[in-house]
Amino acid sequence: MVEIVPLPPLRRYVLRGDPAPLGALGLKVPPLLQAAAAGAVHVLALGPDEWWVMAEAPPAWPGGAWVTEVSAGRAGVSLAGPDAPLLLAEGCPLDLTHFPAGACTRTLFGKVEILLWRRGEALWHVETARSFAPHLAAHLAEARADLLA
Amino acid sequence: MLLITCPWCGPRPEIEFRHAGEAHIARPADPAAVSDAAWAAYLYERSNPRGEHAERWRHAHGCGRFFNARRHTLTDRISATTKPGETP
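Chains as they are written, first to last, in this note's numbering: chain P, 3 to 151; chain H, 125 to 212.
There may be inaccurate statements among the hints.
Unchecked claim - The list that follows gives simulated cross-link-like pairs (lysine to aspartate or glutamate, EDC-like), each with its CA atoms no further than 20 Å apart:
# : chain 1 : residue 1 : chain 2 : residue 2
1 : H       : LYS207    : P       : ASP85
2 : P       : LYS113    : H       : GLU138
3 : P       : LYS113    : P       : ASP97
4 : P       : LYS30     : P       : ASP20
5 : H       : LYS207    : P       : ASP51
Unchecked claim - Short derived list, chain P residues pointing at chain H, Cβ under 8 Å:
# : residue
6 : LEU48
7 : PRO95
8 : LEU96
9 : ARG108
FYI, nobody ran anything at the bench for these hints, they're computed from the structure.
This structure is a prediction, so every number in the text was calculated from the model and none was measured.
The beta carbon of each residue, even a glycine, is placed where N, CA and C say it ideally should be.
Construct the complete structure from the given sequences, taking the supplied hints into account.
Right under this line is the structure:
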């Protein structure tokens, strides 16, 4: 059982180097490849010096924070349901049995680089560059049809 | 599937990585003082060994970081991966 739902519009910001501005948003600096949240604002540690902040509304960045907004360049889907790892296994080479809730990473799905984030036990966030998103959604939809067949 | 251990992310599938040439090639400190032959050697000459090889790799579809790896060019076995500046 797994449903594919388009992501709602999200604001996405990339913060590089110094994580200090996260503190001003009330966010803890998460360990590498994990996410943290403060209310509706989420932060994903995707690299040793790279954090992505995601929220439905623009967060109140402190003065002097250097961030890059990439909202418009990204799109993707949510996967909801216990069979989501099975569906992702169609194109993702990671061992998702070792990918607990709260984990996030960049990886590949088929030929497409994706940002994979397990928001909950049965809720996955999969996003990619906007130009790849139709291909990604079609690939997932086809894989889901095969899974249910 | 070959797993490569990223010094930051841990063991990850090979297809997330890109090879980035031989490691530890130092750029001459004063290029203007270097002879043409020495500069050509710096640019183009590589050791190309049959055996253990120190290489740079990049976790291109992951954390994006460059790191050093020691790979056997015959068996493709990667015996160590280290962050830049570290010695295995």
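We went through each hint and held it up to the structure:
no.: 1; hint: H:LYS207 x P:ASP85; result: 36 Å, violated
no.: 2; hint: P:LYS113 x H:GLU138; result: 13 Å, holds
no.: 3; hint: P:LYS113 x P:ASP97; result: 17 Å, holds
no.: 4; hint: P:LYS30 x P:ASP20; result: 13 Å, holds
no.: 5; hint: H:LYS207 x P:ASP51; result: 14 Å, holds
no.: 6; hint: LEU48; result: 7 Å, holds
no.: 7; hint: PRO95; result: 4 Å, holds
no.: 8; hint: LEU96; result: 7 Å, holds
no.: 9; hint: ARG108; result: 5 Å, holds
Comparing the model with each earlier hint shows a violation of hint 1 alone; every other hint is respected.
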